[in-house]
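*Asks:* Start from the sequences, fold in the hints, and give me the full structure.
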Amino acid sequence: MTLSRRRLLAAAAPAALLASPAWVGAQTWPARPIRIVVPYPPGGSSDIIARALSQPLSEALGQPVVIDNKPGANGNLGADLVAHSAPDGYTLLLCDVGALAISPSVYTRLGFDPSKDLRGVTMLAYSPHLLVVHPSVPVNNLAELVAYSKKTDLNFAVTATGSAAHLAGVAVQRASGARWEYVPYKGGVQAVSDTVAGQTQVLMNGMLATYPQVQTGKLKLLGVSKATRMPLVGQVPTLAEQGLSGFESGTWQGVRVARGTPDAIVNRLNQELIRIIRSPDIRSRLAGQGAEVVTLAPAEEEQFFNNERKRWAQVVQAARIRLD
17 MTLSRRRLLA
27 AAAPAALLAS
37 PAWVGAQTWP
47 ARPIRIVVPY
57 PPGGSSDIIA
67 RALSQPLSEA
77 LGQPVVIDNK
87 PGANGNLGAD
97 LVAHSAPDGY
107 TLLLCDVGAL
117 AISPSVYTRL
127 GFDPSKDLRG
137 VTMLAYSPHL
147 LVVHPSVPVN
157 NLAELVAYSK
167 KTDLNFAVTA
177 TGSAAHLAGV
187 AVQRASGARW
197 EYVPYKGGVQ
207 AVSDTVAGQT
217 QVLMNGMLAT
227 YPQVQTGKLK
237 LLGVSKATRM
247 PLVGQVPTLA
257 EQGLSGFESG
267 TWQGVRVARG
277 TPDAIVNRLN
287 QELIRIIRSP
297 DIRSRLAGQG
307 AEVVTLAPAE
317 EEQFFNNERK
327 RWAQVVQAAR
337 IRLD
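Residues 17 to 340 in the working numbering are what the sequence shown spells out, letter by letter.
I should point out that these hints are in silico values taken from the structure, not numbers from a laboratory. No experiment lies behind these values; they were computed from the predicted model shown. One should not assume that every hint holds.
[What the hints assert, rightly or not] Pair ranges (Cβ atoms, derived):
1) A315 <-> R291: 13 to 21 angstroms
2) A163 <-> D84: 43 to 51 angstroms
3) T44 <-> N322: 30 to 38 angstroms
[To be verified] Here are the simulated DSBU-like cross-link-like pairs (lysine-lysine), alpha carbons at most 35 angstroms apart as the crow flies:
4) K86 <-> K132
5) K326 <-> K132
6) K236 <-> K86
7) K166 <-> K234
8) K234 <-> K132
9) K167 <-> K234
10) K167 <-> K236
11) K132 <-> K236
12) K234 <-> K86
13) K326 <-> K166
14) K202 <-> K86
15) K202 <-> K132
16) K166 <-> K236
17) K167 <-> K202
18) K234 <-> K202
19) K236 <-> K202
20) K326 <-> K86
21) K166 <-> K202
We put the CB at the ideal spot given by N, CA and C, even for glycine.
*Replies:* Right under this line is the structure:
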């Protein structure tokens, strides 16, 4: 007696699934070192978090975890590398997810689509932007800064053209009536160091990378871009309290991988990364620097990304910021 063709195909389907490269790869993963691509220079918020996670993740997965800084084009060079990597879970992107969501609106030519070519693994942490000035600027709050900017030339350090910090600065300027000239940099580290040196006078940047300079008195903190005050700097009012009703911005560090990476690998990474970032040691360390642990399931991270993409597209359009 012979099986019909339909029954034969149905019987063979499970075996074919088990033999598929994606399924086999997921079952043996990880079998070699894992690379975390940070698309910014060393010393920024994403880099700080990547280095805090790398050793615990290596111990959890039983494989070396290597940090690979690939700065350029506001994080898009590193993101492009991951987007076009093999979807096998060996190349991860740890970046400011909010900044990545801005790129399709800012760049006229992007070699990848972050929605179609990447998929979310998890969110890790949030740190608000800090509005800071060089100590020589004789102001102590946003209102004084706005008034001072109308009678003195000020340079605003832009961590990268079209970045979340840049658009936050544009939003503050438009809402408050402040005046300043934007000076673009290739990353937050150089923007911070030049503001510390007085070559630029105003800066908005993620708290994780900026707050140490506030602690040492090298930068003066005027406001925090969070809905509620930060316990770490509870005496400093939010920008919303200073007249920018509802204003909130910041850096959202998260992990993404190439689209097509098997669910089993994505879910394992999600579980391990959440466990590690929530550990008392790392949570406490980040909190002491102004970063709040925020974790999401893969589907939630995807939804967050899509919402941010729509939100910032409106700001980009209003500010008429377009780059090749």
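*Asks:* Each hint: holds or not?
*Replies:* Each hint, compared with the structure:
The given range of 13 to 21 angstroms is respected by A315 and R291, whose C-beta atoms sit roughly 19 angstroms from each other. One distance hint, 43 to 51 angstroms for the beta-carbon pair A163 and D84, holds here, with the actual separation near 45 angstroms. Judged by the Cβ atoms, the range 30 to 38 angstroms given for T44 and N322 holds: they are separated by roughly 32 angstroms. Simply put, K86 and K132 have alpha-carbon atoms about 21 angstroms apart, close enough for the 35 angstroms limit, and the pair holds.
In summary, the hint linking K326 to K132 is supported, as the alpha carbons are separated by about 15 angstroms, within the 35 angstroms threshold. The hinted pair formed by K236 and K86 meets the criterion: a straight-line CA distance of about 30 angstroms does not exceed 35 angstroms. Our distance criterion of 35 angstroms between C-alpha atoms is met by K166 and K234, whose separation comes to about 24 angstroms. For the hint linking K234 to K132, the alpha-carbon distance of about 42 angstroms lies beyond 35 angstroms, and the restraint is violated.
Our distance criterion of 35 angstroms between C-alpha atoms is met by K167 and K234, whose separation comes to about 24 angstroms. At most 35 angstroms may separate the alpha-carbon atoms for a hinted pair to count; K167 and K236 meet this at roughly 20 angstroms. Between K132 and K236 the CA atoms are separated by roughly 41 angstroms; this puts the pair beyond 35 angstroms, and the hint is violated. For the suggested pair K234 and K86, the alpha carbons sit about 28 angstroms apart, so the restraint of at most 35 angstroms is met.
The straight-line distance between the Cα atoms of K326 and K166 is roughly 33 angstroms, inside the 35 angstroms bound, and the hint therefore holds. Of the pairs offered as hints, the one joining K202 and K86 holds, with about 12 angstroms between alpha carbons and a cut-off of 35 angstroms not exceeded. Among the hinted pairs, K202 with K132 is consistent with the structure: their alpha-carbon atoms are about 26 angstroms apart, no more than 35 angstroms. Our distance criterion of 35 angstroms between C-alpha atoms is met by K166 and K236, whose separation comes to about 19 angstroms.
Proximity of K167 to K202 is assessed by CA-CA distance (about 29 angstroms); at most 35 angstroms being required, the pair is judged to hold. Only pairs whose Cα atoms come within 35 angstroms are accepted, and K234 paired with K202 is accepted, the gap being roughly 21 angstroms. For the proposed pair K236 and K202, the alpha carbon gap of about 23 angstroms is at most 35 angstroms, so the pair holds. Between K326 and K86 the CA atoms are separated by roughly 26 angstroms; this keeps the pair inside 35 angstroms, and the hint holds.
Using a Cα cut-off of 35 angstroms, the hinted pair K166 and K202 holds, with the two alpha carbons roughly 28 angstroms apart.
Going down the numbered hints, you'll see the structure goes against 8, 11, while the others check out.
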